Amino acid sequence: MEPKRLRYTKDHEWVGRDGDTYVVGITDYAQEQLGDVTYVELPEVGRRVAAEEETAVVESVKAASDVFAPVAGTVASVNEALETQPELVNQDPYGEGWFFKLRDVKAADVEGLMDATDYNAFLATLEE
Amino acid sequence: MSWVPHTDADRAAMLAVIGVDSTDALFEAIPPEARLQSWNVPPGLSEMRVRALLGELAARNDTGRVSFLGGGYYDHYIPAAVDALQGRSEFYTAYTPYQPECSQGTLQAIYEYQSVICRLTDMDFANASLYDGGTAVFEAATMAARVTGRRRVVCHPSLSPTWRAMLDTHTAHLDFEVIDGDDPAGAACVIAQNPSFLGDVVDFEPLAARCREAGALFVLSVYPVSLGLIKTPGEMGADIAVAEGQSLGLPLGFGGPYLGILATRKAHVRKMPGRIAGVTGDAQGRRGFVLTLQAREQHIRRAKATSNICTNQALCALRALIHLCLLGKEGLREVAVACHSKAEYLKSKLAFARVLNEHPTFNEFVVRLPRDAREVVARLRGVGYHAGLPLACVGRGEANDLLIAVTEKRTRAELDAFVAALEEVACS
Chain A
1 MEPKRLRYTK
11 DHEWVGRDGD
21 TYVVGITDYA
31 QEQLGDVTYV
41 ELPEVGRRVA
51 AEEETAVVES
61 VKAASDVFAP
71 VAGTVASVNE
81 ALETQPELVN
91 QDPYGEGWFF
101 KLRDVKAADV
111 EGLMDATDYN
121 AFLATLEE
Chain B
129 MSWVPHTDAD
139 RAAMLAVIGV
149 DSTDALFEAI
159 PPEARLQSWN
169 VPPGLSEMRV
179 RALLGELAAR
189 NDTGRVSFLG
199 GGYYDHYIPA
209 AVDALQGRSE
219 FYTAYTPYQP
229 ECSQGTLQAI
239 YEYQSVICRL
249 TDMDFANASL
259 YDGGTAVFEA
269 ATMAARVTGR
279 RRVVCHPSLS
289 PTWRAMLDTH
299 TAHLDFEVID
309 GDDPAGAACV
319 IAQNPSFLGD
329 VVDFEPLAAR
339 CREAGALFVL
349 SVYPVSLGLI
359 KTPGEMGADI
369 AVAEGQSLGL
379 PLGFGGPYLG
389 ILATRKAHVR
399 KMPGRIAGVT
409 GDAQGRRGFV
419 LTLQAREQHI
429 RRAKATSNIC
439 TNQALCALRA
449 LIHLCLLGKE
459 GLREVAVACH
469 SKAEYLKSKL
479 AFARVLNEHP
489 TFNEFVVRLP
499 RDAREVVARL
509 RGVGYHAGLP
519 LACVGRGEAN
529 DLLIAVTEKR
539 TRAELDAFVA
549 ALEEVACS
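Residue numbers (my numbering), protein chains in the order written: chain A, 1 to 128; chain B, 129 to 556.
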């Protein structure tokens, strides 16, 4: 996925359109803050999630954090590769390291999130 | 390594760093009425007086009776090597040191404990232990709730009323529905016990299969020594095995300390509560031991931790490990066979009382006496016996029902003498 074309949350999730579904992952900033990811707990396919609902858990050598659904939807699929290769989250956060895909998403909900420029500005406030 | 509490010099140094004159000054922010006024500690005594005082207290302990008491805690023989090894200063500390840099021995012992528990129960992963059997039952229930997303806990009639009472206490203020029965529909888990509280040995494989179909976990509480002889939780298809570990080298005491055993299948390991020791390699490629999967634990995961009990019974787990290693696979089987045959011998001699169990039993069974079991137990206490557990004491069965347990410690002479004493008291 092209980071410029994604939408972002303040919890450092990204969401991007992929055909009929929306792909969700965590940002490069998030994976760097977490350090080496050791385990990812993914949601059940078919689960309905609300925006900001805890949907996945990412564990690193330093911490365990919740991953929230950026928008409401239904879990369409999960990245099963993370089960055996959690390091993909560190290596390729916007590509092979995606977490789950959502269907039944309202496009307007996604549009309401930060774009890449806003997210970078938000990151700049964190680094101050 | 040695563990020494703060000395006066340590305290003075710490107070100097924070710039406070005294410990009292440190606590000045706490209103005086909320501060402890007295520790109520008597004045110091000489070593000689302390020894005499503790000797008097110890003499009041009710030891030396021939015991047929069971109900979850059993009078097994403990080899002297268990005490000798656990008492070594490398192990015998006030607190369990977990830092891998200085605690390889402790961590390796915990890892080996986990390994023997897995072999004993035929499960994939065991934690570093919990407080006791009842706590393990509760933790298994919360674990099943995490795995299934359901809140109903079904207690099979075989489950110990003691474990059941502890489950009720632990869940009283939590969002759980604890019910009796064996219907796994809509349940997080069904919790059964083998041998049952009344001693029945049952193959729970069909119940495990029904749980699997209904999407519930099957939790089996077991008596570790019995696994030398009967089918294991793993063989029966249990998802979580729990046990009170007292029978593995822990002396009987009023209130413990005992040992909670919990083991599970690989699929559920991340939902398992408690500490886990793991094996790893250091920078030079040497084998080493560490605590692992700590992200599940309270100090990292805070309110969402798998458990808020973030300690283990390290010394008790060590005793269980030493005990099992001393026995070995064959030894455990021999102990189990001895328990079983001696119990069967006693059963065959109790012609004046009816054995109520309809299933085979391991080393414990229920007899209906010709008179009130509490009365019989009280009278036999006067002639040197702990005759067993009257079921009425735990709200089960009828007034005349007595739960009797027999371990490898009982000799034929003791069994014969007990039969005569019991007959005299129960039938006179």
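Quick caveat, the hints were computed from the structure, so don't treat them as lab data. From a predicted model like this one, the values you see are computed outputs, not experimental measurements. Yeah, the Cβ is synthetic: ideal placement off N, Cα and C, and Gly gets one too. Check the hints yourself; a few may be wrong.
[Unchecked claim] To give an idea of the interface, some chain A residues facing chain B are shown, with a C-beta separation under 10 angstroms as derived from the structure:
#	residue
1	Thr38
2	Glu41
3	Glu44
4	Glu59
5	Ser60
6	Val61
7	Lys62
8	Ala63
9	Ala64
10	Asp66
11	Phe68
12	Val110
13	Glu111
Verification of the supplied hints:
Residue-level restraint check for Thr38 of chain A holds (minimum Cβ-Cβ distance to chain B is 8 angstroms; threshold 10 angstroms). Residue-level restraint check for Glu41 of chain A holds (minimum Cβ-Cβ distance to chain B is 7 angstroms; threshold 10 angstroms). At its closest, the beta carbon of Glu44 of chain A sits 9 angstroms from a beta carbon of chain B; the interface hint therefore holds under the 10 angstroms criterion. Taking 10 angstroms as the C-beta cut-off, the interface hint given for Glu59 of chain A holds, the closest approach to chain B being about 4 angstroms.
At its closest, the beta carbon of Ser60 of chain A sits 8 angstroms from a beta carbon of chain B; the interface hint therefore holds under the 10 angstroms criterion. Interface hint status for Val61 of chain A: upheld, as the beta-carbon distance to the closest one in chain B is roughly 9 angstroms, under 10 angstroms. Below 10 angstroms, beta-carbon pairs count as interface contacts, and Lys62 of chain A has one with chain B at about 8 angstroms; its hint therefore holds. Look at Ala63 of chain A: its Cβ gets to within about 6 angstroms of chain B, closer than 10 angstroms, so that hint holds up.
About 4 angstroms separates the beta-carbon of Ala64 of chain A from the nearest beta-carbon of chain B, less than 10 angstroms, and the hint is met. The interface hint given for Asp66 of chain A holds, since its Cβ lies 8 angstroms from the closest Cβ of chain B, which is under the 10 angstroms cut-off. Proximity of Phe68 of chain A to chain B is violated relative to the hint, the smallest CB-CB distance being about 13 angstroms (cut-off 10 angstroms). Checking Val110 of chain A against chain B: minimum C-beta separation of about 27 angstroms lies over 10 angstroms; hint violated.
The restraint placing Glu111 of chain A at the interface with chain B is violated, with a minimum CB-CB distance near 31 angstroms, outside the 10 angstroms limit.
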